[in-house]
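> Following the hints, put chain A with the ligands in place on chain E, whose structure we already have.
Spelled out, the chains give:
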Amino acid sequence: MFLALKEIKHEKLRYGLIILMIFLISYLIFMLSSLAVGLASENTQAIDSWSAKKIVLNKNSNISLSQSILTKKDLKDDDIGKNEAYIGQVAVVVKSKNRPSVSAQFLGIKKDQFIYKDQVLVAGKRGKGKTEITVDSSLRDKGYRLGDKISLNGSARKYKIVGFVNNAKINIAPIIYGSFATWRKLRMVAPNVAAAAIVSKNANYKYNYKDAKTYPIATFINKLPGYTAQNMTFGLMIGFLFVISLIIIAVFLYILTMQKMHNLAVMRAQGIPSKTLVGATVSQSIILVVVGVIIALILMWVTAAVLPAAVPMSFTTTIMIAGTLGMLVMGIIGSLIPIRSILKVDPAKAIGE
Amino acid sequence: MAVIELKDVEKIYGKGDAQVEALKDINFEADKSELVLIMGPSGAGKSTFLTIAGSLQKPTSGQVIINREDISKFSDKKRNSLRLNEIGFILQAYNLVPYLTVHDQFVLVDKVKKEDNLSKEDLDKLLEDLGITKLVKKYPNELSGGQQQRVAIARALYANPAILLADEPTASLDTQNVEEVGKLFKKLAKEREKAILIVTHDPRLEKYADHIYEMMDGKMSQKK
Ligand SMILES: Nc1ncnc2c1ncn2[C@@H]1O[C@H](COP(=O)(O)OP(=O)(O)OP(=O)(O)O)[C@@H](O)[C@H]1O
Ligand SMILES: [Mg+2]
Chain E
1 MFLALKEIKH EKLRYGLIIL MIFLISYLIF MLSSLAVGLA SENTQAIDSW SAKKIVLNKN
61 SNISLSQSIL TKKDLKDDDI GKNEAYIGQV AVVVKSKNRP SVSAQFLGIK KDQFIYKDQV
121 LVAGKRGKGK TEITVDSSLR DKGYRLGDKI SLNGSARKYK IVGFVNNAKI NIAPIIYGSF
181 ATWRKLRMVA PNVAAAAIVS KNANYKYNYK DAKTYPIATF INKLPGYTAQ NMTFGLMIGF
241 LFVISLIIIA VFLYILTMQK MHNLAVMRAQ GIPSKTLVGA TVSQSIILVV VGVIIALILM
301 WVTAAVLPAA VPMSFTTTIM IAGTLGMLVM GIIGSLIPIR SILKVDPAKA IGE
Chain A
1 MAVIELKDVE KIYGKGDAQV EALKDINFEA DKSELVLIMG PSGAGKSTFL TIAGSLQKPT
61 SGQVIINRED ISKFSDKKRN SLRLNEIGFI LQAYNLVPYL TVHDQFVLVD KVKKEDNLSK
121 EDLDKLLEDL GITKLVKKYP NELSGGQQQR VAIARALYAN PAILLADEPT ASLDTQNVEE
181 VGKLFKKLAK EREKAILIVT HDPRLEKYAD HIYEMMDGKM SQKK
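Chains E and A, in that order, are what the protein sequence lines are. Residues 1 to 353 in the numbering used here are what the first sequence lists, from first letter to last. Residues 1 to 224 in the numbering used here are what the second sequence lists, from first letter to last.
Bound conformation, chain A alone:
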């Protein structure tokens, strides 16, 4: 059973002559415990795909089904709470609140989402797995790029979402770190039963993926 499914999705930016068809007739699905890569050249529509799958914006036409519910007609408020509860984002940069310590990043989630977050033990274990237990008192600007990335992963997992969406998560990492993050994502997908969608240019991640999609001029085709 698919956790996330896109049916005949189209996205058109702008109007008239300035019109850009960023997504054309996209059909896509991902199941829990699956790690899916979305690859393709710049301007192909990868980020647009991610914003629509993550309910950050609405498609021009078509359906986005998350947990068996069609969210393409949801109000802003409902989409907001869907993101809070079911979707974790791991973004390239600035994805941590700069004036909160690592610990407070999790407290913020507790403030707005009272239930179903990771327990204290689960969080400690996750921090351990990510190797960031010692960093909880630090501010983001006191961390390296790789450390920030791992904190962002913990932050995204903390609300216990069904789906993880990542945009270029390895852009600022060296090869060794890329391998580590690849393994970590694979492990999260299998052990925590998440559906993980990763937009990337990075061929080094290919070996960890269950499925690979290629995007080109707004169209999507399955490679693996």
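One chain only, chain E, in its complex shape:
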């Protein structure tokens, strides 16, 4: 630690530059991770808030809610208890005077089933009848208010916002909760259609009959349009950033070590144990990473404070801790490469050159 700190203090510019790079990379890692988690959660928020474990869809729907239709015949024998709920889904455009248009997902739900009952209202009340709806609270950020009358897909009939709900997003779109009758009308389904899907909180729920088939919720989420591709892209970018930081730390420390080879030989000749010299390099690497990451965390904190709520980022402690640990691991691995050279220093080289 002594040598490590003294050297950093004496070579402020060199070490300052490497800290700058580590800071920039960790900031980028934190931002991308927050964005990845934020976007992922906007895909699955509603599903998570329902604590859904299983979903029953039409087996020919390619596990897609928007393609799924279950007829009364398919659902002839279904067993709907307090853990199950019908849903009917259709993509809609929300319009209202003096408000921006919003693309949303309309979900028809039934009043006696858990999704309706479990709505987490942040304002207003649950909808009753055919024309009352509750909507995701993100619409409030866009200027919508309780009592607003809106049209769905240009419908002549107006629907009235009576409540705002938290965590009501699916596939990055806000949810409009309304009645099944409205769903039938918007989706223009045949009279024999009962629902688009059944959602269950029971992990052991199973209903396979005719075209109805039960899927684990994870299977359904991974099939959400763009979900898997998006997560893989983010994963790859974040992974690359870790690798880049590893390379930067390793190369930097290696070059520095090479430059002071003669000096290391002299210290070894003077009897300074190699573990002291190795310790200095490892602690330097840790100091660089810790300082860089702390600056990045401070900037993240500022970023989180000034960023508008509409940006889909979630700044979770888990991300910050995981990112910090990841960078530390990279720093330690990065310092292993110069260590090999330090251990091989020949003290006899200190003399006669």
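Everything labelled a hint here was simulated from the structure, so no lab data went into it. Do not take every clue at face value.
[Claimed, not checked] A short, non-exhaustive set of chain E residues, derived as facing chain A with CB atoms under 7 Å:
#, residue
1, 218
2, 266
3, 272
4, 317
Note that beta-carbon positions come from the ideal geometry of N, C-alpha and C, so glycine has one too.
This is chain A with the ligands only, laid out in the frame that chain E set:
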């Protein structure tokens, strides 16, 4: 009683045709309070002799006895601690850690060797003797060659070694400084009872030496 003794030491570099016999049948000893010069032309084996006497490398054959212990079979770790405790090196250049102030050069020794270093008073006196008391806050690159040399001497003495080894310590000094360093070494040998071995081309140091050895093609002969 000899502090350092080499018996029938040979050192061969390389293998086969590229083989160089750098040291041949060396027998040497130095006692405490003795100042010994090792002289000779380039390539004679002086530096090789110094690295082996200083336990920086092992001889190909023969014995190196320091404080009555044969160190030629010591592990790397034991040789390392022997160097830390018993041997002080004064090298031609770069012998100070560039990113440590003069003061911190001594702190570094304290960090790795907890006992038996010079006391605060002894160090102050030594710095005074060397005329470098005012330089303790400076970095090596802020010092002149002669000042660096004297700091290196203080650094080597700080761990209180029995033996001091110097490689061309006067190479970058003018005549006046050479005389000063010669006197200083003589004084250190007598007052601090060190055995001091100096490898040098510099005939100006001869008058301070108790013994002078001449090296030629790996062989050593005593001149004084
Ligand atoms: N590491 C090494 N590998 C191979 N040969 C070496 C090595 N070190 C020294 N030699 C050879 O051993 C011989 C003695 O070298 P040494 O460095 O001891 O000479 P020197 O007396 O110190 O010379 P100088 O006055 O030029 O410093 C030379 O022939 C040299 O080429
Ligand atoms: Mg030499």
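> Run the structure past the numbered hints and jot down the numbers of the failing ones, going up.
Violated hints: 1, 4; rest satisfied.
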